Each structure stands twice: as C-alpha cells, then as structure tokens.
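Asks: Chain residues, written in single-letter form:
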Amino acid sequence: MIDFTLNGRACRLPTPAPGTSVLEVLRTSLGQDGTKEGCASGDCGACTIALQGPGHNVSTANACLMPAHQLAGCDLITVEGLADASQAPTLSAVQQALVSTHASQCGFCTPGIAMSLAVLHARHQRQIDQGEVIDARQRDTMIDHALGGNLCRCTGYRPIREAAHRLLQGEFGPACLQDAGDSTAEAHDTAPDDERDTGRFYRPVTLQALLALRAERSDATLIAGGTDLMLEHTQRLRDFPALIDTTQVAALGKIEEGEHAGQAGWWIGAAVSYHQLMPLLREHYPDGAELLTRLGSEQIRHRGTLGGNIGNASPIGDMPPLLIALDAYIQLMSQDNERILKLEDYFLDYKRTQLMPDEIIHSVFLPRPLPNQRLAVHKLSKRRDDDISTLLGVFAWRRDASGRAQHWRVAFGGMAGVPARAPHLEALLTLQALESLTPARLTAQTRQQIEQAVQADFSPLSDVRGSREYRLLAASHLIPRVAQRILNERQTTTSLTPLESLDAYLAQS
Amino acid sequence: MRTLHSLESDASAAPAAPVLQSRQHESAQRHVSGSARYVDDLPLPTGTLHLAIGMSEVAHATLDALDLEAVRRAPGVVCVLSAADIPGHSDVGPVFPGDPLLVSDIISHHGQALFVVAADSERAARQAARLAKVATTPLPVCLDPREAANRGDLVRPTHTQARLANGRAGDLDSISNKLAKSAWQLSGELESGGQEHFYLESQAALALPGEDDEMLVHSSSQHPSEVQKLIAEVLGVPFHAITVETRRMGGGFGGKETQAAPVACLAAMIARRTGRAARLRLARADDMRLTGKRHPFHHRYEFGVDDSGRIESAIIELTGDCGHSPDLSDAIVDRAMFHADNAYYLGNAHVRGIRARTNVASNTAFRGFGGPQGMLAVESAMEDIARRLGRDPLEIRKRNLYCEGRETTHYGQHVNQHPLLATLIDQLEDSGRYWARRAEIRAFNAANPVVRKGLALTPVKFGISFTAKHFNQAGALVHVYTDGSVQVNHGGTEMGQGLHTKITQVAARELGLSVDKVRITATRTDKVPNTSPTAASSGADLNGMATRDACLRLKMRLLDFAAEHLAQPRVSLSLTDGELHGPSGVLMTWGELIQAAYLERISLSDKGFYATPDIHYDRASGTGHPFYYYAFGAALCEVVVDTLSGEYRLESAEILHDVGDSLNPAIDIGQIEGGFVQGMGWLTTEELKWNEDGRLLTDGPATYKIPAISDVPAGALKVRLLEGHPNSAASIYRSKAVGEPPFMLAISVWAALRDALASLTDYRRAVRLDTPATPERVMLAAREQRDWQEQHDTAGAEPTQVPS
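Taken in order, these protein sequences are the chains called A and B. Under full-length UniProt numbering, the first residue of the first sequence carries the number 1, and numbering increases by one thereafter. Under full-length UniProt numbering, the first residue of the second sequence carries the number 1, and numbering increases by one thereafter.
Same shape as in the complex, but just chain A (with noise of 0.2 Å):
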C-alpha cells in the first residue's frame, strides 16, 4: 500500500508494478480525470500536479513521469483541488484568473498550467512575506520559468502570461496552496525507518541499505527523479522487473562543503535535484544557474536529480559540459568499494560509462571557482524553453595578472557520443590573440583555423536536432562570440561595443 494525502484527503493505494505513474493511478485507480495526459513523456505539462513532501517547497511535476510508489508520505494536490467547495466563490484565485483573462480555450492544457499557476503563486506570496520586492520584469522571468514546460496549442499564451501577471498582483486573492519553504531540517529525516520493498520498487533510506540491494538485485534499476527513465515506461513499455529508488538516501540528498585534489569545493549528493542545486549555482557560478534554468522545465528541475542527469550517460547531458569544464570529479560506490574519477574521465562511448553494475554514483565535488575564473556557458537549441541542447559549449578561462584569458577549459555536448573536453580549441584559445577572434576581425584563414579545431575535436553526427554541418559551424561560431564577450567585458562603456550574442542583447534590453 501507499500512503499519501490526495487533495487533503488521506489515500491508501494498493501497491502498483514498478514504474507505473502517478497519471495513470489518478486516471484510473483513483478516477481523477482532472490531470490530462497529451504526451506521457513530460514535455507538454497537461499533466502537472503540485507536490508537498515534509519540509519542502510546494513544488510541480509531471504525473506522466513520476513513479506512483514516490507519492509515499506526500501530499498530493491536483486540479480537483485548487478550490475549496466549500468556499465562494467556488474558484480558486488562479482559476478566477484564468477565467478572468479568456485564457483557456480548447481546456485540455489549462489544469496543467493551473497547477503550475497556483504553485508559482504560493511561492511568489512567500518571498513578498519574506520582504522581497519582485519588479514586473522579475515577475516576467518567474512565469517564463514556472511555464516554460506548460505547452499551450490554441491560445498564443498572451493571455495565460496577463493571468499569471494580475494574480501575482493579488488582484484574485491570495494563494490557494502554502509554500512553506524549503526547511533547514533535513528533509530525509522523516522518512520511513524500514527498507521497504513496495511491489518491487525499493525505497531505502541508507546508504548500506541502497548499497547491499545494489549488489543484490542485478535486475534492478535505479532511479532517482524518473525524469528520463520513466520514458522507458511510458514509451517503450518497457516493465521493470525492479527499481531501486535513491531519494530517500539522506546521504545522496545534501550539499556539502568538502575539498578533494586540493581544491575546495561542494561535495553535491547524486539525489540533489536541479531546483536544490540552483541556489549554490547562482552564488558562485551564475552563468551556470542560467544554463539550469534552460534545462528542461521547472517540473522536470523539481524531479530532475544531478546523479540522473550523469547516470543516463547522455551525449548531451546540459550538466555534465558544465561540470566538466569546471574540472569536478564524481564519486562511485559499491559495497567494498569507492573510487573518485575525473568527471571528464567517466563517460567511455555512447551510453557507456565507468560506473559498474554494483556501483551507484554517491555525489560529485565540484570545485569552488577561483580568483579571477570566468565561466561562459552557451546552449543551442531549436526552441528556448524545455528543449534539449542541439549543441552545448562550456568554456571555463582565468584571467592572469595582466589580464589576458589563459587557462582554458572547454566541454561541449551534443558534438559526440559523450560529453567531452576539446583539446584543439582549448589550445587555440590560448595561442591566438582575443581581438583576432571576434566578428569584425576574423579573417578567412583564422576562421578556418577555428573550423579545423573543432573538427579536430569533433566528428557529430547528424540527427533530428541538428545536422552535422550546422553542429560543426555553430560550435566554431562560439569562439568568435566568446572572444567578444570577454573583450566587452573589458570595456568600461557598454553602449559603443558590438553584441556578441542574442543572450547579450537580451539580457540588455
């Protein structure tokens, strides 16, 4: 059985075959017709529901991926929910709202992007409580973000956006869900004390435990947020014979300062999700907390762990580029053993990876940025929002004492079978002259140099996000656009010096 709260009511589920999701036992078992299916692979949000664990944020994800087994110990909340019956009127200030502004039409995305609505709120009502002043073009970002995974075919999304502007106002009243805010206490602490075996789907809450079913159960998989994996369920039909869930290990769900190979740094747990991760990214690596934002939508950044995104050994991966050109290591651990690579060491080929099959991946230490370390980070993709990268380029550099770029990291995804450094560009970087890289400079034969490095680097295939030649082109594009944006950066007037990027002109417009 499995306990959890469905719109404040206390529901007992009959224990389901691993993998089967929360959309389909509230669609089915639980007769809420509510939450919509329109994709099963968490790219659309007409199935968004609101989640509150113990001590967490009131947060969104996707039903379609979200293993019914983690409603354990939640409180669940769908559209069915969002108005108090009992109350008028009878529609919830985000319902009122969306009436308000004609902001469905055809209806089947609107308690996706309700819930999402509601969620948004109760968290914007908490900062305003906690004294922050939010701008309009604060509030822009904040919806952008909260309904960037919410697809809307009929409406152009004007009016869903002046929705969400006049109820973050207050003009509908306050929040119908309570954001408590994420608490100090350990969150973990109040799970369940047993190693639970829920119709083969594993929950346990030590480190020991996740280790000996580890080695035990070799048909097991592990899963942490779904958010991936779960597409094996709904997608290919695939039924596990197991899961082993890693969430509820506290020792994988925390972020620690620690130090390895003589650096400090943050040892981060394999269970950490996005959003958990984005405050540490925003202090010290910002360019980093904006490729975060970008990574797939704000219900998958809730679910979404960093071990995940590592585990499932994607060409693309949006965070391993990163970590990798920050120079982080990950640590692997099986009963008797545990080791800690280079990260860039970690991925082998296509889908395969260092990680053995009694291993589990335990964190990975990322270090703190050095004095004078710069970080550019640009992702491209077809659409802005909840799209995975056509190609992503990192590039890490230090600024010596007089200035000049030197020390350069470069990671890019999508241009091979891995997440992988480039050699040739980072030599490059480090040989020629900066003014000789931008646009207006760069000559026909550099730019050719520029086109063999990468090629030297890289041999992409061609496939559905992009092709081989654009991949190619756009990767050696992103020299002269980072050469650019450090030389802007040392102009002390902004105005007279060229744009090196859409980014750069949105960010100043």
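Worth flagging that the hints you see were computed from the coordinates, not collected in a lab. Heads up, none of these hints are tricks.
When the alpha-carbon atoms are kept at most 20 Å apart in a straight line, the in silico DMTMM-like pairs for lysine to aspartate or glutamate are as follows:
#, chain 1, residue 1, chain 2, residue 2
1, B, 229, B, 212
2, B, 398, B, 307
3, B, 181, B, 171
4, B, 718, A, 140
5, B, 689, A, 469
6, B, 469, B, 614
7, A, 351, A, 219
8, B, 689, A, 463
9, B, 178, B, 306
10, B, 718, A, 162
11, B, 178, B, 317
12, B, 689, B, 57
Reference excerpt, derived from the structure (chain B facing chain A, CB under 8 Å, subset only):
#, residue
13, 35
14, 284
15, 687
16, 710
Predicted model, so just to flag it, every value in this text is computed and none were measured. Backbone N, C-alpha and C fix where the C-beta goes; we use that ideal spot for every residue, glycine too.
Chain B: place on chain A using the hints.
Replies: Same frame as chain A, but now just chain B:
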C-alpha cells in the same frame, strides 16, 4: 398530470446584457476546474476494452503475411482484428478512395494501421500490439514530392488557373511571353515544411454498443456526420443505427476533420465484434506517426515586374506533398492556388497545383488548408523584388495590393472590400512607426556585426467558404422548455474556438434573452443530421445563421401567438430583456409567454437551416466565385537574430485584423493570437524529420517543438480588431470568420527574419529561407549572405544587377 414550473426566478430576471460582446468561453469554469470532460474522461461501462493499433514498421511494401498469434496470446488480450475482419467497406477515404482502415495488401507509409488489439488495459493492448510478426516485400520508398511529380505519381490530377490581365483565359506560353516583356524578371524557389497539429488531446473514441446494430460513439471529431457515415459503412449498417457525439475536443486545428474517423471506426468494429464498450485513445507517438499533417510544399515562382516593382505577370507552381493518398489534398492544393496571390494583383497569372504522392501519412487539413502555403511564394517574391530594385519591401507590398482597377483575382473573383488592405497597412505603418523603426534598425544593424534586427509588415487576404460547395450548409435545432430555458444544438463542433459561446450569444440575441438562459448541448448526429465539418473557419458563419433561422421561426410563432392571445397589434410586439414588449410596455415575461404558448398548444421547438448563397467555381475554366467574402489582416513584426548561431526571438508583433462586426471580441482576439503563434511555430521551430526509410523521427514533443511561452515574450503580442467595417456580405450580424485567416499573419515573422538576413548584404540580396526557419536554417542562410557580401563590392549600396 404535470404542473408547470414555477416562474419565480423568471419574473425577477435582470435585464439581459448586450449579447454581442466579450463573454467568457462557455466551458471556461469547467476548463480551469478540471471538470470539462473529453472523450477519454468519460466514465467507462464495466468490461470496457482498451484498444491499440498495430502499426507498420516499413514505409512501402507488400504485406505478405500478418502473424498475430503472439498478439492474441499476450496477457489481457481479448480480441484482435485485421483487414479481413472488416464487415463492410474497408476504405475510409473521405472524398476519394485510398485510405484503408487496416492494410490488406500494400503498406504505403511507416506507421500505417495493420490491425487493432483489444485488451483489458491500455498497457496490455499497446504491449501486445508490438508482438506481431509482419512479413513484407519492400517496394521503393518515395519521400520527395518533386521526384514523385516528375514520375507523374500524383494522388489527383494537376489543376491550373491561367488568366490574362485583360480577363481572358491564358496559357503558359502566352503568360511566359508577357512575363519576358517586363522590365524585370525574378524567379525563385522555396521548400515549406509540414506541421504536426499537436492538439493537446490526441485522437480518441469510445464506442458503446446498443441494441441490435445500434451504436453510440463518442468521438473527438470535427466532423461527426462523416464519422457516423464511415462507421456505418465499415460495419455495413444503415446510417440511422449509428449516433456520433462530440461534446468538445482538446484542440482540432483540422487534424480531426478526417483523421478522427479511423480511430472511431476501429473502436466501433471492436465494440460490434465483442459486444463490449471499446475505447481507443492514441498515445502521442502513435498519433504523430499514424495521422496526417499539414502538407509540405515545394514552391517555384517567376515574376515579371515593372520599374516601380509592380507585378505584371506571375507564374507560380505549387507542388503539395500529399502523402500516400488523396484524403483532402485536392481541395487543399486548390486552396493553396486560390491564395497564391495573397493580397496582390498578379496581372497575367499562371498558377499550377500539383498533388504528389509520397510514402508518408496522408497529409490533411490544417488551419488555413493550403492557404498559408499558397501565400509563401508571392510573399517570398515581395522581398526578392525589393532587394533587386533597392526598395523597401513594404513599398513593394503596398504597390501590389488589390486596388481600384486591379481587383480581380487570377481565378476571376472580384475582391470585395479590397480597400481594407490599404487601410490595415496604413494604420499599422502609422501606429507601429514603421519608417522610424526602419531607421533605428538600420542604425542598430550597422553597429552590430552579429546581432541583427529585422522588420516586416505583411498583409493577409483569406477567402471564406468551403471550396466544396455542398459543405456550405448548416442546421440547428432549438428547444424551449416550459421553464423558459432554451436548449440549442447545431452541426458545429467545439474544439476550443468558442463556437458554442458565439452560438449561445446568437440564440440569446434573437430571443431577447440573457445568455445564461441558453445552453448548448453536445454535437450529435441524431439531433442535427448530415452536417458539414467544423472547418474552413465557417463554424460561426454557417451554424450561427442556422441557429438564427431556427430562433426567428420560433420568435415569429411566439409573437403571432401573443398577438392573438393578448389581442395586441402584431407589429408592436417584441422580445427583449427576457420580456414581451407591446405598445404600452411590458406585457409578460418570457417564461409567462412560453407557458401560455404551451397551454395553447404552440410548438416550442424548431429547426433552422442555412446555405451560403452566391458561390460557384468552374474547374474546367479555373474561374468562378468560390468565396462568399474575404477576411483581411496585417501584421508588423520585429525580430532579433543572432547571425552566428541562428538563434532568434520575436521582439514584437502588432496585429490589426478584420473580423467585420465582431460576435465576441475576446474570443476573436484569442483566435487571432493563437493562430498567429501557431503560424509562427509552422514557420520557425516546428520541424518534421523522417529518416530515409520513411520513419518519422520527430514523433513527440521532445523532438517536435511547438512554441512555448517565452517564444511570445511579455508585451510582444498586440492585437487589435479593425473597427467600423462590417462585412459587406450578409453574414451573421456582418461578422467575419476568424479561425484561419490570422494564421497567415505569422508570415511577417518569417519575412522579418529574411529582412534581418538581408542586412548582412546591406539589403542588396534576398536570401532563400526555407521553412521552418530553424536556427540551423537561419545560421546557414546568414553564412550564405556573408559569403556573398565578401565576394561583392561592399563600397556601394546600389543594386549590382541591371534590368535584363
């Protein structure tokens, strides 16, 4: 004996609000609370079977053997049916044959339906469907419509419209000769990609078997009457045995005009065979692989223009990629041809439409129905002409608009209200500060080698009516009950466009009631029979008129009765604000009138009918008056492009659109905004890709990218309705259709992208930009522009080519 309902609430009814105003969608409260039911949300009877379709893994082959043993033996499977099990017709082609419900001999696209599995759960059915052993012999796979056209492999014959500027019939020779005499000749070509509908609710049907051969089928369909017809034919029963109901769709956009029927037919077949309810809802990937999309097109054009940039002659060849069967392609390529002029007078014109057959799912209706594709060639040419002549594209567009003396299309229809085109453009040019912004953008671009801005103002003219004449009819059924409440049913379907809301407003206005007295019920083939699809933007035009007709009949009867019953002069009576008014004021409330009429045995129910007048088209001569009227609009868009990565963003879109006198401004603005953004998706990020074996690679939202919220930045989209210009045709309250026309306003986004790319050559060269203009295409086009610029003298900004 029954007593009449108490009218206490009726007597205190507040005066009715004016009905033709912005009113919320009739289902808005249900949408936001999750209680609006779609087909897949309906409660299922005990024992309902869940279905999945077994689909082809090859694109073109003979089907030699279909071994379904493993499917039948799979856990939970109850019934498996293939082509041999179809009791009646096996071809579900909507107009022409060619669409087998299940393949019996030749597989003609990857993902085509081979068999249907029914099991006790959806998952069991879907898993079982993958267990079939299919023996096939490969046939050559054709994915290129031009190659098919060259081989003469067409789904329908080619159609040509050829007319000289003097109104006489022309031919290719005569028009080529005239074109060669113009001061300037330009030619170009273009590929435009298809578009997946991506209705959020995938195709779904629930079949509920009744007594004997009767069946009720809930179908997410834009065309319930066609679903009824095809189910009856497939099952081999009379139409009267089958009832199809559609309450609402979670989006349609044309994708549920013909494509809903096979899903419903398969559910009905299983229900008939097993006697159990049968539910089929396509998983997203299955939906995308199985069902047709917007037609990709290949466009070729030649224009002869004078020194001022005015078109004198045009030769346009449009090749539609129809997929494996005709489906609606004949009408779609026709509509592309009807819109090859967009808003411009072509002079001597030769327009040819080719319907090529390829081994992909049969391409089908999608908002605009070929019209958007038809417009691309001439809009591409507008920029080509501008760059060649060193003029601004807006100047060229304005010079070519339909105007006095140049007001007849290449198919011979006079463009009514054509001065609105200039009105729209002038207003936008002014309110959007076109020329000031043009100067600002040039200055910005001069200072920025990488980031470039583009600006474009483009018009739309769209013909309203089904080009299949018999579809231009509609019926409605209006009941008044003895409590005074009114129930309206009509042939149109609700897919989110607000049709039911508008129809409610029409009925309320005619009967002098507030809209809350009127309820629309689900579209059902047993209430209004033989209906047309809700398509071609015609829903409110046709069904609004039919509803008005029914209401007028009822009103006449009630007023006749009241005149006699109350001994009042008939002409002095009127129904307003829920009351019967006479010469000296209120005579009785609506409810009292209804109850009095009932007691005097006056019928309180009536049906209405409407057929659009004055439309005809002669295929043999390629001339006629296929459209009752035209709807117009214009959009001014600004984009910013990163020319090194190809990334871009819409900066602003200002739209002015003509809906005549609006039936509901909020709903009309919603249609315009939604249509524009959907059109922008078609032209920018929505890229369909197949591998060389004909398998669709972009079969889900992970790889197929429709616009998301930040593609429409805050404050970027501003829509206004053109006011003070009622429809010159006698449409419902002089309104105009609004479903499709705004889609094509998005051409301004593509034109603005080309404008930004032209800046890389000092506006001396127009670059070909196939659609969708993905960042990849934009970057490669920018590269081409830079290469050209490097090879040409950059000193002078004058055009380098001379008139030929």
